[in-house]
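First to last, the protein sequences are chains A and B.
Here the first sequence stands for residues 1 to 240, where the numbers follow this note's numbering.
Here the second sequence stands for residues 241 to 437, where the numbers follow this note's numbering.
A portion of the hints provided could be inaccurate.
Said to hold, decoys possible - For each label pair, taking beta carbons as the anchor points, the in silico distance ranges come out as:
#1 E88/A <-> T266/B: 26 to 36 Å
#2 E368/B <-> D166/A: 53 to 63 Å
#3 D160/A <-> D414/B: 45 to 55 Å
#4 D268/B <-> P200/A: 53 to 63 Å
#5 L426/B <-> V86/A: 30 to 40 Å
#6 R246/B <-> P16/A: 12 to 22 Å
#7 G139/A <-> G355/B: 17 to 27 Å
#8 D109/A <-> D268/B: 48 to 58 Å
The hints are simulated quantities; they were obtained by calculation from the structure and are not laboratory data.
Predicted model, so just to flag it, every value in this text is computed and none were measured.
Beta carbons are placed, not taken as given, at the ideal position from N, Cα and C, and that holds for glycine.
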Amino acid sequence: MSAPRWMPARVAEAVPSTAHARVLRLAVPGWPGNLPGQHLDVRLTAEDGYQAERSYSIASSGPGELVELAVDEVVDGEVSHYLVRVVEPGDAMEVKGPLGAYFVWDAGDPSPVQLVAGGSGIVPLLAMLRARVAGGVGGPFRLLYSVRSAADAMYRDEIDALASGDIEVTWAYTRAAPDGWGGRVGRLGPTEVAAATWPPDQKPLTYVCGPTGFVEAAADALVAAGHDPLRVRTERFGGR
Amino acid sequence: MAEFSRGFGGRRRDTDVRLPPGQYLTEDFPVLSAGPTPRIPTDEWAFSITTETGERLTWSWAELMALPAEQVTTDIHCVTRWSKLGTSWRGVSLDVLFADVETSLDFAMVHSYGGYTTNVALEDLLDERSWVAFEFDGEPLDPEHGGPARLLVPHLYFWKSAKWVRGIELQERDDPGFWEQNGYHLHGDPWTEERYW
Numbered sequence: 001m002s003a004p005r006w007m008p009a010r011v012a013e014a015v016p017s018t019a020h021a022r023v024l025r026l027a028v029p030g031w032p033g034n035l036p037g038q039h040l041d042v043r044l045t046a047e048d049g050y051q052a053e054r055s056y057s058i059a060s061s062g063p064g065e066l067v068e069l070a071v072d073e074v075v076d077g078e079v080s081h082y083l084v085r086v087v088e089p090g091d092a093m094e095v096k097g098p099l100g101a102y103f104v105w106d107a108g109d110p111s112p113v114q115l116v117a118g119g120s121g122i123v124p125l126l127a128m129l130r131a132r133v134a135g136g137v138g139g140p141f142r143l144l145y146s147v148r149s150a151a152d153a154m155y156r157d158e159i160d161a162l163a164s165g166d167i168e169v170t171w172a173y174t175r176a177a178p179d180g181w182g183g184r185v186g187r188l189g190p191t192e193v194a195a196a197t198w199p200p201d202q203k204p205l206t207y208v209c210g211p212t213g214f215v216e217a218a219a220d221a222l223v224a225a226g227h228d229p230l231r232v233r234t235e236r237f238g239g240r
Numbered sequence: 241m242a243e244f245s246r247g248f249g250g251r252r253r254d255t256d257v258r259l260p261p262g263q264y265l266t267e268d269f270p271v272l273s274a275g276p277t278p279r280i281p282t283d284e285w286a287f288s289i290t291t292e293t294g295e296r297l298t299w300s301w302a303e304l305m306a307l308p309a310e311q312v313t314t315d316i317h318c319v320t321r322w323s324k325l326g327t328s329w330r331g332v333s334l335d336v337l338f339a340d341v342e343t344s345l346d347f348a349m350v351h352s353y354g355g356y357t358t359n360v361a362l363e364d365l366l367d368e369r370s371w372v373a374f375e376f377d378g379e380p381l382d383p384e385h386g387g388p389a390r391l392l393v394p395h396l397y398f399w400k401s402a403k404w405v406r407g408i409e410l411q412e413r414d415d416p417g418f419w420e421q422n423g424y425h426l427h428g429d430p431w432t433e434e435r436y437w
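Extracted from the complex, chain B is given alone in its bound form:
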């Protein structure tokens, strides 16, 4: 048990069972990124999945829009401790994008426009656990929040939900991505506080 901080607690936040440990609720939508915001026109946007054989499946924006999209309402949790409950997204499930992918690999490196990367285990991407999202609250996703499209992996800390996503490269090992090389956990489960190395 930590030593208590004299006089602390007067302005405590409401607690909520939907909040993982160490998180607090926010009503606005903070922006945290490692560099300037890339602005990618949809007619230049493409998304690809690359496997161990070098096979590469690619979707243009129009092709992504032609796929079945889902409405997703979910809580999101940032490693910087804000959580936002009941956020509303629209996107294409990774299950749809992986439908024709043949692989025996277990891990993925997610690549973004602007150079950002993050590693995610394949089991965290499939079975209705992640989406390529292009709408937030019924509006096209703002570039600050990763538009035109970002990955959405709501059960992991939000740095795994790569903004400006451009592709997924399957990999044999769980090699670290950008923040993972800079001190953050390889997996990032908010409920067990997998924040740092």
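Looking at chain A on its own, in the form it has when it is part of the complex:
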């Protein structure tokens, strides 16, 4: 396999997702397609040649030259600020990818799949959900999605639509619940994680993605509940 190269990309669409996040669809001529859960690198170049690179999860998968990202603005983030606040359709950047062969879902695997997302950690997991629905193959899926409030949920309408199909969706709210919400509000604890996920005897494949503290807590809870650590795949956004 040869090393991926930087490829020119143009913004085809830029749609607000939440007050601090945007969905970008990039037209990438020659994009080879990607598996659900992979990521790419973005490189931005200023007029004077200054460059910055960051990695982003891909919300789309399969063949085609349109690649979807969903970017949450990081406090003081130079690249995320540009992608969420500045870039417009027609603007140029470069991408390299697809990258990563570990945090991916194989549609040929019939295991039950448990997805656990915190905040913008939904992005690679949404790619898996979309692939599951579009392909009509694979085992049963469950999603546990923790957000600060309903307004902070990326892809909320799409996820609600999935929940009315055969995907089980559990929302968790850490700061504020929507009107009429009967459940508790607060960070997920071991009890909530165990209640909303496949039991260990179902031998699910679990993907956990989000900020470090969230992933640590959720993965610890799954292991404590008896899940095989080797079947709990994690992707941490690094920051606290």
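Chain A is fixed; fit chain B onto it per the hints.
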């Protein structure tokens, strides 16, 4: 030269000659691992080096603590593009651990509690280039960061600095470890951006 991105550059970061290409500075200490964090009590911890003859040198935690340790201040560079400058560690040099190892092999597979592996050339481990580190910033190494002990190979991307390290197996060829099988470079020099295959 890449086509420029209209309107980009307003919030650029300070550049620093100590930053390899494509890296940015971070003040906090991000955590990136492929699975749940293993928690290994020091009374169960052991570290071993295995050679081609099957010879196996093993150290318990107490034996590791009895070896001469060094203070190491170094920059670290993650393949996900953050770099942290002037980090402070304490650990035992691999030169100390390899002092009685007889081998003609050139490569090593590093093994971790939890199943992680990474391949490193022996020349990247010896001559004051790597440590088994057990303190960060004067405190015992947190499990999230690989405690009780991790490998520290600061001149390579940080995925080579295996967390929860449990042993080194010498090998004839540079067979790939975990991330190397999943798309990352066999060597991982941040200054030449050896990120991916």
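Evaluated hints:
1. E88/A <-> T266/B: 26 to 36 Å: 29 Å, holds
2. E368/B <-> D166/A: 53 to 63 Å: 58 Å, holds
3. D160/A <-> D414/B: 45 to 55 Å: 49 Å, holds
4. D268/B <-> P200/A: 53 to 63 Å: Violated, at about 33 Å.
5. L426/B <-> V86/A: 30 to 40 Å: At 38 Å between Cβs, range holds.
6. R246/B <-> P16/A: 12 to 22 Å: 19 Å, holds
7. G139/A <-> G355/B: 17 to 27 Å: 23 Å, holds
8. D109/A <-> D268/B: 48 to 58 Å: Given range 48 to 58 Å: violated, Cβ gap about 35 Å.
In this structure, the hints that do not hold are numbers 4 and 8, in rising order.
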